[in-house]
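K.L.:
Here are the chains, one letter per residue:
Number of protein chains: 2
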Amino acid sequence: MKAYLEHINKAFESRARLGIMSVLMVEERVDFSTLKDTLQLTDGNLASHLRALEEAEYLQVEKQFVGRKPNTTYQATETGREAFQEHLDALEQLILNNRKEN
Amino acid sequence: MKAYLEHINKAFESRARLGIMSVLMVEERVDFSTLKDTLQLTDGNLASHLRALEEAEYLQVEKQFVGRKPNTTYQATETGREAFQEHLDALEQLILNNRKEN
Numbered sequence: 001m002k003a004y005l006e007h008i009n010k011a012f013e014s015r016a017r018l019g020i021m022s023v024l025m026v027e028e029r030v031d032f033s034t035l036k037d038t039l040q041l042t043d044g045n046l047a048s049h050l051r052a053l054e055e056a057e058y059l060q061v062e063k064q065f066v067g068r069k070p071n072t073t074y075q076a077t078e079t080g081r082e083a084f085q086e087h088l089d090a091l092e093q094l095i096l097n098n099r100k101e102n
Numbered sequence: 001m002k003a004y005l006e007h008i009n010k011a012f013e014s015r016a017r018l019g020i021m022s023v024l025m026v027e028e029r030v031d032f033s034t035l036k037d038t039l040q041l042t043d044g045n046l047a048s049h050l051r052a053l054e055e056a057e058y059l060q061v062e063k064q065f066v067g068r069k070p071n072t073t074y075q076a077t078e079t080g081r082e083a084f085q086e087h088l089d090a091l092e093q094l095i096l097n098n099r100k101e102n
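Read top to bottom, the protein sequences are chains A and B.
Each residue of the first sequence is one higher than the last, beginning at 1 in the UniProt record's numbering.
Each residue of the second sequence is one higher than the last, beginning at 1 in the UniProt record's numbering.
Mixed in with the good hints, there may be bad ones.
Identical copies look the same in the list; a pair holds intra-copy or inter-copy alike.
Claimed, not checked - In silico SDA-like cross-links for lysine to any residue, where the CA-CA straight-line distance does not exceed 20 Å:
#  : residue 1 : residue 2
1  : 36        : 64
2  : 63        : 96
3  : 36        : 89
4  : 63        : 73
5  : 10        : 48
6  : 36        : 61
7  : 2         : 64
8  : 69        : 95
9  : 69        : 40
10 : 10        : 32
11 : 69        : 23
12 : 100       : 50
13 : 36        : 62
14 : 63        : 40
15 : 2         : 40
16 : 100       : 38
17 : 36        : 99
18 : 10        : 95
19 : 63        : 47
20 : 10        : 50
21 : 36        : 6
22 : 100       : 72
23 : 2         : 98
24 : 10        : 30
25 : 36        : 70
26 : 69        : 85
27 : 2         : 42
28 : 36        : 92
29 : 36        : 75
It should be emphasised that the hints constitute simulated quantities derived from the structure, not laboratory data.
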């Protein structure tokens, strides 16, 4: 396999996960409804992608109360930041190779 | 949703499909075993991704005989080339946005 393809990370393949990680690379801590509004995903779809990224230890979840309302926030882990950067680098290689060869 | 995310095409999300389309953007016509060797996929996995791309009309399949051996070749369609380029452009936007904001 072309070397750069090996660094494309299955955990980030979907548009939703690319979107989630892009948001979390910029914002320190983001709540569920901000992610939902930004990415225009359904609750179920967003929750399932967040859970997968949490299981991969690419993000961490914090549950707290704001007054009496539960508020869940998400933050990229250091592992997640590094893995996402590596994924973006591999995509960049793919783009550059396509450009060079055409 | 951030505008560029809308141009990320589900049909090209997986590493295998990124690899297949990258090969077909460069080579006019590629046979199954060349794709298999280049991308190091199993027969079943490669066949299923090729079928999905064919159903999306992003590639076309030609079956012929070389002597008495069947030989199947794959070629990107014009639609496929355009769609893949659009996908790569969206990924490039994503990468640039991540770079700018960090």
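K.L.:
One pair to classify: residue 2 and residue 40, alpha carbons no more than 20 Å apart. Within, between, both, or neither?
P.N.:
For residue 2 and residue 40, only the inter-copy Cα distance (9 Å) is at most 20 Å; the intra-copy one is 34 Å.
K.L.:
When Cα atoms must be at most 20 Å apart, do residue 63 and residue 47 count as within-copy, between-copy, both, or neither?
P.N.:
Answer is within: at 14 Å inside a copy they meet the 20 Å cutoff, but 44 Å across does not.
K.L.:
Using 20 Å as the alpha carbon limit, work out where residue 69 and residue 85 are close: within a copy, between copies, both or neither.
P.N.:
neither (34 Å within a copy, 45 Å between copies)
K.L.:
Indicate which option fits the pair residue 2, residue 98 if close means a Cα-Cα distance not exceeding 20 Å: within, between, both or neither.
P.N.:
Cα proximity of residue 2 and residue 98: one copy only (12 Å, versus 24 Å across).
K.L.:
With identical chains, the pair residue 63 and residue 40 could be close in the same copy or across copies; at 20 Å between alpha carbons, which is it: within, between, both, or neither?
P.N.:
Classified as neither: same-chain Cα gap 22 Å, cross-chain 43 Å, threshold 20 Å.
K.L.:
At 20 Å max between alpha carbons, let me know whether residue 10 reaches residue 95 within a copy, between copies, both or neither.
P.N.:
both (18 Å within a copy, 17 Å between copies)
K.L.:
Between residue 100 and residue 72, at a C-alpha cutoff of 20 Å, which is it: within one copy, between copies, both, or neither?
P.N.:
Answer is neither; intra-copy 45 Å and inter-copy 27 Å both fail.
K.L.:
Can you tell me if residue 10 and residue 48 fall within 20 Å by alpha carbon in one copy, between copies, both or neither?
P.N.:
both (15 Å within a copy, 17 Å between copies)
K.L.:
Between the shortest in-copy and the shortest cross-copy C-alpha distance, which are at most 20 Å for residue 36 and residue 75: within, between, both, or neither?
P.N.:
within (15 Å within a copy, 39 Å between copies)
K.L.:
At 20 Å max between alpha carbons, let me know whether residue 100 reaches residue 50 within a copy, between copies, both or neither.
P.N.:
neither (36 Å within a copy, 24 Å between copies)
K.L.:
With 20 Å as the alpha-carbon cut-off, assign the pair residue 36 and residue 70 to within, between, both or neither.
P.N.:
Only inside one copy: residue 36 and residue 70 sit 16 Å apart there, 50 Å across copies, limit 20 Å.
K.L.:
Could you figure out if residue 36 and residue 64 sit no more than 20 Å apart (CA to CA) within one copy, between two copies, both or neither?
P.N.:
This pair counts as within: shortest intra-copy Cα distance 18 Å, inter-copy 50 Å.
Hint violations for this structure: numbers 2, 3, 7, 8, 9, 10, 11, 12, 14, 17, 22, 24, 26, 28, all remaining hints satisfied.
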